[in-house]
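S.K.: Residue numbers (the numbering used here), protein chains in the order written: chain A, 7 to 141; chain B, 7 to 141; chain C, 7 to 141; chain D, 7 to 141.
Footprint (simulated), chain C over chain A, 3 or more residues, beta carbon under 8 Å:
| hint | segment |
| --- | --- |
| 1 | 12 to 22 |
| 2 | 28 to 39 |
EDC-like cross-link-like pairs, simulated, lysine to aspartate or glutamate; straight-line CA separation at most 20 Å:
| hint | chain 1 | residue 1 | chain 2 | residue 2 |
| --- | --- | --- | --- | --- |
| 3 | B | 72 | C | 67 |
| 4 | D | 72 | A | 67 |
| 5 | A | 54 | A | 119 |
| 6 | D | 97 | A | 67 |
If you are wondering where the hints come from, they were derived from the structure by calculation, not from laboratory data. Quick reminder that beta carbons are idealized off the backbone N, C-alpha and C, glycines included.
Chain residues, written in single-letter form:
4 protein chains.
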Amino acid sequence: MNHSLPVRVYYEDTDLAGIVYYANYLKFIERARTEWVRGLGIDQTRLKAEDGIVFAVRRVEADYLKPGRFDDLLTVVTTLDGVTGARLVLKQDVQRGDEPLFRAVVTIVALSEGGAPARLPAELRRQLESQLSEK
Amino acid sequence: MNHSLPVRVYYEDTDLAGIVYYANYLKFIERARTEWVRGLGIDQTRLKAEDGIVFAVRRVEADYLKPGRFDDLLTVVTTLDGVTGARLVLKQDVQRGDEPLFRAVVTIVALSEGGAPARLPAELRRQLESQLSEK
Amino acid sequence: MNHSLPVRVYYEDTDLAGIVYYANYLKFIERARTEWVRGLGIDQTRLKAEDGIVFAVRRVEADYLKPGRFDDLLTVVTTLDGVTGARLVLKQDVQRGDEPLFRAVVTIVALSEGGAPARLPAELRRQLESQLSEK
Amino acid sequence: MNHSLPVRVYYEDTDLAGIVYYANYLKFIERARTEWVRGLGIDQTRLKAEDGIVFAVRRVEADYLKPGRFDDLLTVVTTLDGVTGARLVLKQDVQRGDEPLFRAVVTIVALSEGGAPARLPAELRRQLESQLSEK
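Make the full structure from the sequences, and use the hints.
M.R.: See the structure below:
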C-alpha cells in the first residue's frame, strides 16, 4: 500500500545551482508523512492531547539520485516498511514521473511529551500493521 | 542607536535566479530583532512566562532595492523608530557594505498569550524608550 | 478575475509559537503567483530565454491579521490590481475559509537579465490587461 | 583537523513542537561545509568558472539524538573522513556544548556542469588529503 503525494517545485525550493536545495526534500517527505497519517485517520493533535504521544524523526538515510528543478511536478511515494512497539520505518521516494530523484529510509519514534521513548497506543499499532500486511 | 548584525548568505538563502530569495530577508531581519532584544537585556522567554507577553509582527513594508548574492556578507541595521503602549516600529535595512539591498519598516505588537493586544510592561517600555532618546 | 490556490500548512511552515512563521506567507503568495502566471499561459522559462525578461519583487506591503496554524487549509487569493509598462501590482490575500489571515500588496517589476528595468513585451502586457478589464 | 562553526537557533529554525525542525540541521551543516571550504582557501565560484566543477551532496545519513531549541548556541563540527578521485566523505556533528544533538555522514561528489561525475582537480585533492593526514 503506497501513498502518493504530488509536490510542485516552486522558487522557494530551488537554490542558485538551479535545482532543488537538498534540505528541501526533507520538507517534501514530511508533507507526505503528514498526509499519509491523515489518510489513515490518525489525528496527530488528538494523539498528543489524549495519549501525550508525539512522533519524532530519529534517523534519515537519504540518497540524492538526480536533481529536481523549478516547476517540476514531483511525486512523493511513501511505503511503511516496518512497525515495532515504539518505532516506524518508512521508505519515501521522490520521483519525477517514473524517474527517481531522491530516496530515503526514515525511522520515526514515538515520544511522550517529556521526550522519553513511548510505546505506540495498541489501536494505532494495529492500524499501522494493517498497512504492512496489505503491502 | 543602531544595532548591527552580520549575516552571511548561504546556499539555503538563494534561489534559481542566483540571488537571495525574497522571503529570506524577513528571516534575516527577524534574526536581527532577536539579537537586538537580547542586547537590550530583554529575556523573551521570561517575558512570556512571567508577563504572558509575546511579540508578533503586525505589518511589514519592504522595499527590494538590489539583489543579495551567495557568499555576500550582509549587515542588518535595526533602528527603533517609535514606541507606544502596545506597539513598536522598527526600521531594518539589509546592506552589503554601504550599499542598501533591502529596507523594511516593521510594526510589532505585544500580545497576551490568548492573542489579544497587550500593553508593554512599564519597565520594558522605559527600556525601549531609552533607545529612542539615544538616537 | 481572482485566482485561488489552496495551501496546506505543514510542520515546516510553523514556528515555536505554534503558528505560521511570518516569512512563510511570502512563500505561499509566491506559489500563487507562479500558478497564476502559469494559468495565464505565460511561460516564465520561455520569457527568460526568448525575451531575456525576468520578474522580480520590488515592494511588499503585508498585514498580518490572524495567525495560521498547523494543518490549516488556506487559500491564497490573487488579484491583478494594476499594470504599467514595466510593473504589475497584485493584491494577495491568504484566507482560512472566509477569514482573512494575511493581506499583501506586491509590486512586481520586469528586469532584463542584467538587472536593468525592462518593458513588458506587448503581448504579455495585453494579456495582463485583459485580466484587469475582466475584474 | 576539525572545523567548528557556531550557529544560533532563531525562530525560523523551530517548528510548533518548539524544537529545531528536522530539515534545518541540513542547512546548518551546509553552512559549515561552505565555511570549511572557504577556510581551506578553495573558491567554489572560481572552481566552477575555471574547472567547471561543482560539488553536490550524494548521500546523507543523519541521526537525530536530542532536540535543539530556540536561542541555543550550537556548534557544527566538521571532519573530513575520506577523499577519493571524485568523492569526499564528511562527518558533521551538531552539538550544544559537549552534548551531541545531530550527527551526519555526508557524501559529496564532484560534478561537471552538465551533471556528470567529475574528478577532483589534482591540487584540490592534495589540499583535501592534507586535511586527512593532519587528523
